[in-house]
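Please put together the full structure from these sequences, using the hints given.
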Amino acid sequence: MINVDASRIQIVIQSTTCDGALGSQSSDQAYVTLLYGDEFLLGVRVLGKSIRDTHSTKDMVVLVSDGVSHYAKKLLKADGWLVEHISLLANPNQVRPKRLWGVYTKLKIFNMTQYKKVVYLDADTIVVKSVEDLFKCGKFCANLKHSEKLNSGVMVVEPSEKVFNDMMSKVKTLHSYTGGM
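All residue numbers for the sequence shown refer to my numbering, where the first residue is 1064 and numbers rise by one.
Because the hints were derived from the structure by calculation, they are not lab data. A few of these clues could be false.
As the list claims (entries may be wrong) - Heads up, simulated SDA-like pairs for lysine to any residue below, C-alpha to C-alpha not over 20 angstroms straight-line: (1) K1192 to H1118; (2) K1112 to L1151; (3) K1137 to V1109; (4) K1199 to Q1177; (5) K1140 to H1118; (6) K1192 to K1137; (7) K1140 to L1170; (8) K1112 to S1150; (9) K1179 to V1226; (10) K1136 to D1187; (11) K1202 to Y1178.
To be verified - The following label-pair restraints were derived from C-beta to C-beta distances: (12) T1117 to D1229: 32 to 38 angstroms; (13) G1201 to K1137: 35 to 41 angstroms; (14) M1230 to A1141: 29 to 35 angstroms; (15) L1105 to T1236: 21 to 27 angstroms; (16) T1176 to G1143: 35 to 41 angstroms; (17) L1145 to K1192: 21 to 27 angstroms; (18) G1201 to H1148: 26 to 32 angstroms; (19) E1147 to K1235: 34 to 40 angstroms; (20) L1105 to V1234: 18 to 24 angstroms; (21) D1091 to R1115: 25 to 31 angstroms; (22) E1102 to V1191: 22 to 28 angstroms.
Where a beta carbon is used, it is the ideal one built from N, C-alpha and C, also for glycine.
Here it is in structure tokens:
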């Protein structure tokens, strides 16, 4: 049985419009989420259903760690997710809270160079209407909290190996204000 804490579910309600070049073909763009273990399997499945309900033709990619069971991966594939195995990237400066361990793994979306653009959505996100306009954003789009803090739960990224390698070279020296990302 999978327990889901409903208070942690985010809802993407607004259709977001960003300035930038128009997106390209669907094979060059993807919705991406992360799954560290089976605990959020239901969240990822609901996210996938909510994306499919908008009639999107973009790829849906779930990055899974060793903690995800074979059964969960089979369900996700049946739901239309492209399942890619990844190793977790720990925050070297992790102090609190423990639930954010491994959140630095989100940085790996910057290295998904098989896509021209990715829209990252946390597994506790539900899309209630099309958010395809997000693919029109520039190289990086995200919501800023209180003008200086980034919410990494919904991000648009133009992957770049150069940018990814630069970030990886700085991971050990830059601290996170939340202990997460």
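Here is what the structure says about each hint:
1. K1192 to H1118: Holds, at roughly 10 angstroms.
2. K1112 to L1151: Distance ~25 angstroms between K1112 and L1151 Cα, so the pair is violated.
3. K1137 to V1109: 15 angstroms, holds
4. K1199 to Q1177: 18 angstroms, holds
5. K1140 to H1118: 18 angstroms, holds
6. K1192 to K1137: 27 angstroms, violated
7. K1140 to L1170: 23 angstroms, violated
8. K1112 to S1150: Violated - the C-alpha atoms of S1150 and K1112 are around 26 angstroms apart, more than 20 angstroms.
9. K1179 to V1226: 14 angstroms, holds
10. K1136 to D1187: 18 angstroms, holds
11. K1202 to Y1178: 12 angstroms, holds
12. T1117 to D1229: 32 to 38 angstroms: 34 angstroms, holds
13. G1201 to K1137: 35 to 41 angstroms: 37 angstroms, holds
14. M1230 to A1141: 29 to 35 angstroms: 34 angstroms, holds
15. L1105 to T1236: 21 to 27 angstroms: 37 angstroms, violated
16. T1176 to G1143: 35 to 41 angstroms: Since T1176 and G1143 have Cβ atoms about 23 angstroms apart, the given range 35 to 41 angstroms is violated.
17. L1145 to K1192: 21 to 27 angstroms: 23 angstroms, holds
18. G1201 to H1148: 26 to 32 angstroms: For H1148 against G1201, whose Cβ atoms are near 30 angstroms apart, the range 26 to 32 angstroms holds.
19. E1147 to K1235: 34 to 40 angstroms: The hinted range 34 to 40 angstroms is violated for E1147 and K1235, with Cβ atoms some 25 angstroms apart.
20. L1105 to V1234: 18 to 24 angstroms: 31 angstroms, violated
21. D1091 to R1115: 25 to 31 angstroms: 19 angstroms, violated
22. E1102 to V1191: 22 to 28 angstroms: The hint (22 to 28 angstroms, Cβ to Cβ) holds, given that E1102 and V1191 are roughly 23 angstroms apart.
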